[in-house]
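Build out the structure end to end from the sequences listed, making use of the hints.
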Amino acid sequence: MAYRVAVCVKPVPDPNYYGHVGIDPVKKTITRAGVPNIFNPADKNALEAALRLREPGSGYAAAISMSPPEGAEILREALAMGADEAYLLCDRAFAGADTLATSYALCQGLRKIESEKGLPFDFIFCGAESADGATAQVSSQLGEWFGYPQLWNVFSLEERGGVFMLKTKLENGCMEWEAKPPMVLGVARELNKPRFISAMGVVKSRKKPLVTWGRSDLPGADDGYLGLAGSPTKAGDIFTPDIRREGRRLSGSPDEIVAGMLSVIRASGAAAGV
Amino acid sequence: MHFFEFTEEQNMLRKAAREFAETEVAPRAAEWDERDECPLDVFKKLGELGANGVFVPEKYGGPGLGHVERAIFIEEISRHSAGLGMALMTHHLGVYPILRSGSEEQKEKYLPDLCSGERFAGLAITEPGGGSDFMGQKATGERRDGKWVLNGRKCFITNSHIADVTVATVKTGVDDKGRSKLSAFIVEKGAPGFAPGRKEHKLGLRASVTGDVVFNETTLDDKALLGPEGGGARLGMEGVSEVGRAGMSAICVGILRGCLEEAIKFANERILYGKPIAKIQAIQFEIAKIRTDYEAARLLTYYAAGLKDAGKPCATEVATAKYFATEASVRSAKSTMDLMGGYGIINEYPVGRFLRDALTSIPSGGTSHIMQVVMANGTLNDFHA
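Respectively, the protein sequence lines represent chains A and B. Everything in the first sequence is counted per my numbering, starting at 50 for the first residue and increasing by one. Everything in the second sequence is counted per my numbering, starting at 268 for the first residue and increasing by one.
There could be a bad hint or two in this list.
Unchecked claim - Quick list of simulated restraints, FRET-style, between CB atoms: (1) A/LYS242 <-> B/ILE547: 37 to 45 Å; (2) B/LYS532 <-> A/GLY211: 50 to 58 Å; (3) B/LYS532 <-> A/ALA51: 17 to 25 Å.
Calculated directly from the structure, the hints in this document are not laboratory data. For each residue, glycine too, the CB sits at the ideal point set by N, CA and C.
Right under this line is the structure:
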């Protein structure tokens with residue numbers, strides 16, 4: 050069975066440059082100027098799962114991202130890895146989105162692809178969480194927007210005669226599920242080993258479409274759900290914790306020093322009852 | 268003049284090659300060196316990645332890219348294992364002449380498998396009498412009963428014991444002036460009378476196999492002749508001077524980047540007198556020198572590869588890149604060891620291996636002295652005061 054699959058992907062800061070990522074104390078946003086992006090690792094597992102479902106039949110795999118223009122680089126990687134088409138949702142109107150507004154925009158984009166192709170997606174994949182925000186909310190929210198069953202932290206996916214056997218990770222174990230498409234899945238890193246991008250994939254990606262859509266390309270979307278206006282999440286106080294250490298010299302006899310140390314520890318509240 | 272910049276596609280290819288090298292090569296590179304073995308499983312995966320036939324057109328199973336992309340692959344692999352980089356670059360040396368001069372039948376027969384990683388290739392030219400005396404080859408190919416019969420021994424042949432397909436040059440006669448006529452043949456593993464001989468125990472580049480291949484009444488039909496009879500000298504020389512030496516340069520660019528990254532990592536982590544040694548000027552001088560070597564080698568190497576892709580003469584530029592990059596990698600590996608003090612000679616760190624690999628890169632494809640002769644001849648020809 051050849052399935053039609055969509056994969057949501059996100060560019061995230063390269064962990065090698067985490068030392069250059071900061072927080073703007075006024076805007077309460079992450080500052081990441083000059084920090085290169087990488088493909089969110091779990092999204093690669095999501096794409097791998099999508100490509101396996103598409104192959105070997107004549108299915109269809111689309112990658113979609115809502116991000117600034119730099120997101121195009123990640124989408125080109127998705128095309129080189131094997132996606133058939135890629136869509137970038139990029140507009141100032143989408144900026145400042147929390148997970149809810151992000152999932153709404155993604156839903157609108159995916160609905161538009163379905164409408165243009167005249168066929169719905171059988172699967173919508175996301176990585177279980179992003180390496181930067183790590184909220185792990187978007188896949189569940191997408192499930193709600195679509196009204197599809199959704200599972201999160203999927204680490205096993207097998208097809209048996211049109212029915213899918215899935216396993217999701219729990220803190221102390223796992224749960225087993227049976228499901229039929231359509232469904233939205235947030236996949237764990239353990240689900241598979243993503244393929245490497247090959248030179249042939251890079252060459253083939255030259256001819257694959259990478260479409261950019263702005264606000265005006267999603268006429269059916271409600272501005273109240275997009276960008277900052279559609280984001281109920283408001284950042285509280287954001288600050289860099291003061292982790293300076295202070296040495297203090299205690300003098301006197303050993304007993305006096307020990308008593309002094311205990312007194313300091315008790316006063317700090319770090320050792321109640323000592 | 269255009270600012271030197273890789274294309275978006277080349278950057279993506281580098282990213283993909285780097286991810287592969289960090290995942291599949293880096294964790295095992297020291298083990299391959301220690302065991303002196305070529306990792307055929309990873310070599311095969313390089314085929315799936317498109318590295319093995321990177322410059323081969325799509326119709327023969329390659330991605331149809333060029334020599335710049337080839338250098339990118341070799342640099343990224345050699346950053347972690349120059350030995351595997353050597354095996355890959357030598358495989359290209361076997362692939363190139365088939366692509367360049369093979370008949371349509373030969374291309375269709377050999378190239379798809381050599382691209383996919385199903386089979387590996389090598390090039391056998393050098394003989395015990397010396398590699399640089401190219402026309403003095405003693406191995407022979409005689410015409411007997413409508414067949415070619417090859418006899419002789421080739422030495423210092425990389426991929427000798429793993430190649431499924433070896434392109435070899437032998438003397439098939441003399442011309443009117445008494446000069447040797449060399450012809451090239453495609454010899455398959457298992458051909459009667461053809462076998463690898465002694466395996467060398469090398470100082471470096473040990474994730475590649477180097478040794479003898481021996482022809483003992485090896486009988487081949489006309490389909491094994493690669494290019495025209497007597498065309499082996501041109502084919503072999505072009506392969507060595509434009510592809511082999513370019514590959515050695517790219518290997519050494521990889522070693523140089525390894526030196527630079529290891530030096531920076533160590534200098535930032537090693538605390539002396541209460542601060543990282545990266546803050547000490549004497550250490551900074553070393554880092555600056557390694558950076559200079561890396562950047563210069565990189566520019567020379569990719570410039571030469573760009574000339575090759577543009578179809579322009581590049582033998583002098585490739586020899587320049589090879590001369591500089593191999594010598595620079597030795598120098599920088601030594602600088603990195605100096606910077607690391609006692610840790611530099613501990614084999615848990617890869618820098619000692621980098622130095623051995625760099626030293627081993629010098630004679631491959633012609634020593635630094637030979638490179639200087641090639642460069643001088645090219646220069647005397649190109650410049651007129």
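Going down the list of hints, with the structure as the test:
Taken as a hint, the range 37 to 45 Å holds for the pair A/LYS242 and B/ILE547, whose Cβ atoms sit roughly 43 Å apart. At roughly 52 Å, the beta carbons of B/LYS532 and A/GLY211 sit within the given window of 50 to 58 Å. With their beta carbons about 47 Å apart, B/LYS532 and A/ALA51 fall outside the hinted range of 17 to 25 Å.
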